[in-house]
Amino acid sequence: MTAILEIKNLRKEYKDFSLKDINLTLEKGFIMGFIGPNGAGKSTTIKLILNLVNKDGGEINIFGKDNIAFEKEVKNRIGFVLDEGYYYEEITVREMKSIIAHFYDRWDEGAFKKYAKDFGLPIEKKIRELSKGMKMKFSLAIALSHDAELLIMDEPTSGLDPVVRSELLDILSDLMQDENKGVFFSTHITSDLDKIADYITFINNGEIIFSTTKDDIMDNFGVVKGPKELIRNNGSNGFIGIRENQYGFEALVQNKEEFRKLYGDIAVIEKPTLEDIMVYYTRRGIYA
Amino acid sequence: MLNLVIKDILVQKKIFIASILYIIFFVIAFQSLGMGMYTAAIVAIVYLMVSGGFAYDDKSKSDIMLNSLPIKRENIVMSKYISLFVYIAIGTIAYIVVTFVISLLNTPIKTYPVTIELIVSAVIAVSLMHSISFPLIFKLGYVKSKAFNMIFFLSFFFGAPLLIDFVSKANSEVTTAVWTFLKNQSDVAIVFELLVLSLVFLSISYGISVRLYKKREF
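Sequences listed follow chains R and B, in order. Sequential numbering of the first sequence, starting at 3, is according to the working numbering. Sequential numbering of the second sequence, starting at 11, is according to the working numbering.
Just so you know, the hints here were simulated from the structure itself, not pulled from any lab data. Note that CB positions come from ideal geometry on N, CA and C, so glycine has one too. Treat the hints loosely; a few may be bogus.
Said to hold, decoys possible - BS3-like cross-link-like pairs, simulated, lysine-lysine; straight-line CA separation at most 25 Å:
| hint | chain 1 | residue 1 | chain 2 | residue 2 |
| --- | --- | --- | --- | --- |
| 1 | R | Lys127 | B | Lys224 |
| 2 | R | Lys22 | B | Lys82 |
| 3 | R | Lys127 | B | Lys71 |
| 4 | B | Lys82 | B | Lys149 |
| 5 | R | Lys137 | B | Lys71 |
| 6 | B | Lys71 | R | Lys74 |
| 7 | B | Lys69 | R | Lys128 |
| 8 | B | Lys82 | R | Lys67 |
| 9 | R | Lys127 | B | Lys23 |
| 10 | B | Lys71 | R | Lys134 |
| 11 | R | Lys127 | B | Lys149 |
| 12 | B | Lys23 | R | Lys137 |
| 13 | B | Lys193 | B | Lys69 |
| 14 | R | Lys74 | B | Lys120 |
| 15 | R | Lys10 | B | Lys24 |
| 16 | B | Lys69 | R | Lys134 |
| 17 | R | Lys74 | B | Lys24 |
| 18 | B | Lys71 | R | Lys17 |
| 19 | B | Lys154 | R | Lys17 |
| 20 | R | Lys258 | R | Lys197 |
| 21 | R | Lys10 | B | Lys225 |
| 22 | B | Lys23 | R | Lys74 |
| 23 | R | Lys216 | R | Lys22 |
| 24 | B | Lys149 | R | Lys17 |
| 25 | R | Lys67 | B | Lys224 |
Stated by the list, open to error - To be clear about the criterion: a stretch of chain B counts as covered by chain R if any three or more of its residues have a C-beta under 8 Å from a C-beta of chain R, and this derived list gives those stretches:
| hint | stretch |
| --- | --- |
| 26 | 201–215 |
| 27 | 220–228 |
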């Protein structure tokens, strides 16, 4: 089966930041959360997928096709929700919709009307008058109204209140009833993904730290707490983001079963959240 | 692609009202230009509309949105070149309406009818001017290229009559040769040649703009 999104050794160099040969694969029927702290390279990756910036190396295949050679075809089958709408502020929602609708081969006006109604979009209002949540919903309505098979979302939930965020997550879960679709969802609000993501790709400082199923992460990673002697005697190898305090240490381990066998009697192991994992990893350089 | 032209007009919805007002202003301001008033007014109005369209793109960073849609970058560039002719048409209609109304009002304001030669001269002037300004805008974006384009526009606008004046009075061998060449042809032929020349410029400019815009990052 061809992957819906496949990135191979993608590279992009900026003066003060570079994306270093990243790889990831998303199959049909799944939601991939793309997490990492601000400035890790999430938006750059998404801009490369959408060909908004030029790559310095590597390959991006969408539906098995090169994203630049088949740009128009590929983009017809993608829905995107970016962190801002980038719409013209002076015109109404209806006018903006009409402009955009003409570019999609498979525009479905009925679907748009249905989403506009469900989301409560004020169709005659100017874009400028929409709240941030409304703008996101407008983007989402557009993204869902041309039979897109891949949804690409760049920080869609940032700056939104919990109610709108939760609505978005429900919509995405609904959407995934269709096994032919896939969602690539970047966020630094990892709690969004606890509920809906199947895969998690974690990027930090331009490098992919891991890209695997959420279950795999939840089953294997562990936050461990134990006496300081444990690290003194055995070294800090294998521990991620160690933090010491006067009572002991805390760290993240990648293989908690192995840890349990060795130190289960003197240390505590807890199930991490995605946020824990992100925080421990990004702490690495400073404390380890 | 036409859709993109319509978009530029839609975002500047008040463009028609504005163009009527501009034309009224230009007709009064350019009284001394005589027949040239139409061409001057069109050049100015197209400049304002083009700038308006680019300014809105820039303000909402909509290049990001447009380039995420299934649109080829060539088409985004092409739409701006086509819009030049649409704006000339809008300006011409506004000019005809305004001069018609003024002539009815029996005022001392002089008006001149639009002729084919005048329309062609407007096309030539607009083409030449934007052949130079467009590649820069596509490379740098509207805001960054604004200062340059403003200077360029003003020097074009006020410099062109001076240049013509200078050339017509100059007496070098080159100008004499050019004059002789031109004198041997009919006015229609000269206008036609100039039109072709300016369209060639416009095509070259389009090619350069596409190359620059394709390299641009958002």
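Q) Straight-line Cα separation of lysine 10 of chain R and lysine 24 of chain B no greater than 25 Å? A) violated (48 Å)
Q.
Can you confirm whether the C-alpha distance between lysine 69 of chain B and lysine 128 of chain R stays at or below 25 Å?
A. Roughly 15 Å separates the two Cα atoms, so the pair holds.
Q. Taking only the CA atoms, is the gap from lysine 10 of chain R to lysine 225 of chain B under or equal to 25 Å?
A. holds (22 Å)
Q.
Hint check: lysine 258 of chain R vs lysine 197 of chain R, CA-CA at most 25 Å. Holds or violated?
A. Status holds; Cα separation ~22 Å.
Q: Please work out if lysine 74 of chain R and lysine 120 of chain B have their alpha carbons no farther apart than 25 Å.
A: violated (53 Å)
(Q) For lysine 23 of chain B and lysine 137 of chain R, compute the direct alpha-carbon distance and say whether it is at most 25 Å. (A) holds (21 Å)
Q.
lysine 137 of chain R and lysine 71 of chain B were given as a pair; does the straight-line alpha-carbon distance stay at or below 25 Å?
A. It holds: about 15 Å lies between the C-alpha atoms, which stays within 25 Å.
(Q) Check the hint pairing lysine 193 of chain B with lysine 69 of chain B against an upper bound of 25 Å on the C-alpha distance. (A) Violated, at about 49 Å.
(Q) So if I understand the rule, the pair passes when the alpha-carbon distance is 25 Å or less; does lysine 23 of chain B with lysine 74 of chain R pass? (A) Roughly 29 Å separates the two Cα atoms, so the pair is violated.
Q. Are there three or more residues in the stretch 201–215 of chain B whose C-beta lies closer than 8 Å to some C-beta of chain R?
A. violated (count 0)
Q. Does lysine 154 of chain B pair with lysine 17 of chain R here, judged by a C-alpha cut-off of 25 Å?
A. Holds - the C-alpha atoms of lysine 17 of chain R and lysine 154 of chain B are around 21 Å apart, at most 25 Å.
Q | Pair hint outcome, lysine 127 of chain R versus lysine 71 of chain B [Cα-Cα no greater than 25 Å] | A | Holds, at about 20 Å.
Hints 1, 2, 11, 13, 14, 15, 17, 22 and 26, counting from the list given before, are not met by this structure.
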